[in-house]
Amino acid sequence: MKEGRFHQYGGQYVPETLMNAVLEVEKAYEYFKKDPDFCKELETLYHEYAGRPSLLYYAKKMTEDLSGAKIYLKREDLNHTGSHKINNVLGQVLLAKKMGKTRVIAETGAGQHGVATATAAALMGLECEIFMGKEDTDRQVLNVYRMELLGAKVHPVTSGTMTLKDAVNETMREWTKRVEDTHYVLGSVMGPHPFPTIVRDFQKVIGKEIKAQLQEVEGKLPDAIVACVGGGSNAMGAFYEFLNDPSVALYGCEAAGLGVNHPKNAATIANGTEGIFHGMKSYFCQDEYGQIAPVYSISAGLDYPGIGPEHAMLHDTNRATYVPVTDDEAVEAFEYLSRTEGIIPAIESAHAVAYAKKLAPTMGKDSILVINISGRGDKDVAAIARYRGVKLYD
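Note that UniProt numbering has the sequence shown beginning at 1, numbered continuously upward.
Hints were generated in silico from the structure; no laboratory data involved.
Possibly wrong hints are sitting among the right ones.
Unchecked claim - 35 Å max Cα-Cα, derived DSBU-like pairs, lysine-lysine:
(1) Lys391 x Lys281
(2) Lys153 x Lys98
(3) Lys220 x Lys98
(4) Lys61 x Lys177
(5) Lys177 x Lys134
(6) Lys208 x Lys34
(7) Lys358 x Lys391
(8) Lys208 x Lys281
(9) Lys177 x Lys208
(10) Lys153 x Lys264
(11) Lys153 x Lys60
(12) Lys281 x Lys60
(13) Lys281 x Lys134
(14) Lys134 x Lys40
(15) Lys134 x Lys60
(16) Lys40 x Lys204
(17) Lys281 x Lys61
(18) Lys391 x Lys220
(19) Lys391 x Lys61
(20) Lys281 x Lys27
(21) Lys153 x Lys281
(22) Lys391 x Lys211
(23) Lys211 x Lys40
(24) Lys204 x Lys281
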């Protein structure tokens with residue numbers, strides 16, 4: 001990989017007003033990632049604040065029900081704030097503080113990244129503002145309240161489709177106004193270099209733990225790892241440790257909404273083409289004129305028209321396989337894992353569970369499949385109830 005590039009993907013496609021800020025982040029990260037004090041402080045936060053290592057749980061009932069591979073769940077939903085997002089945010093907010101920044105801003109879709117950013121900002125004493133599509137603030141009211149409770153100011157974004165794409169636009173616009181005291185805590189393995197690398201590095205703890213924990217209980221590598229993909233941070237975190245282990249198959253599950261052939265989907269690899277957006281070159285859902293197309297998913301966290309550049313490279317080189325999962329399949333998987341193992345997953349993670357349900361029966365009983373449960377489903381219970389036509393009352 002060249003600096004900031006994953007084959008032809010990645011890069012730094014930003015306006016001149018942001019170039020110095022991006023270079024400042026790159027220089028600071030290159031310094032602090034080698035600083036023993038920074039690494040020790042982050043390690044302590046992971047263990048004593050976030051609750052790492054997260055559990056690797058043997059899903060015995062699911063394994064028996066599907067009659068195929070032995071299934072383990074990587075329980076990122078048990079982290080403080082309820083998702084893998086805290087791994088990246090603790091690293092980035094700590095980095096911002098070391099850089100002398102007093103304010104952090106972030107975009108969020110389902111609210112998990114916004115809650116994690118507000119949490120870390122409260123912990124480290126930084127001002128925090130979150131940009132969230134108006135549509136998503138309506139879908140994720142509980143997470144909006146959690147962010148405000150943690151001291152963050154939440155800005156509903158009313159431009160475009162009022163979802164994650166528009167929240168990213170607005171956050172980048174805000175960053176150009178106050179680069180001197182503000183760090184943009186980008187939430188996924190996307191955006192201009194160095195963000196895809198920074199977020200990947202802070203999330204790779206997931207795969208490291210999977211490898212060590214599975215070695216301890218099974219004495220071998222997994223045969224397959226399955227994770228959901230929007231921008232792709234939890235998947236890259238789970239995959240990275242295994243990129244040089246060719247026996248481990250890697251599956252990213254993208255949101256097909258109402259179907260890959262229906263206008264309402266967010267299946268970037270299935271339907272996307274190469275383009276430049278949000279500071280990076282990657283695959284994006286685009287219309288016939290090369291404009292970014294509106295996308296849709298029941299999951300606000302996967303409702304994004306692009307995918308991180310390292311995932312684009314892994315797709316091109318066939319190191320990872322990307323598969324579409326529809327809303328119906330994800331909702332059924334959400335209910336299935338809840339009933340079968342007593343674990344309510346985030347609707348994002350349910351996309352991975354849905355594909356694992358298809359994959360596991362095709363694998364031998366000596367095979368091992370790991371599903372990355374990237375977040376917990378409390379935030380999605382009301383949405384699933386509405387999907388099923390169930391009325392809830394406070």
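Which numbered conditions among the earlier hints are violated in the structure presented, ordered from lowest to highest?
-> 1, 3, 4, 9, 11, 12, 14, 15, 17, 18 and 22
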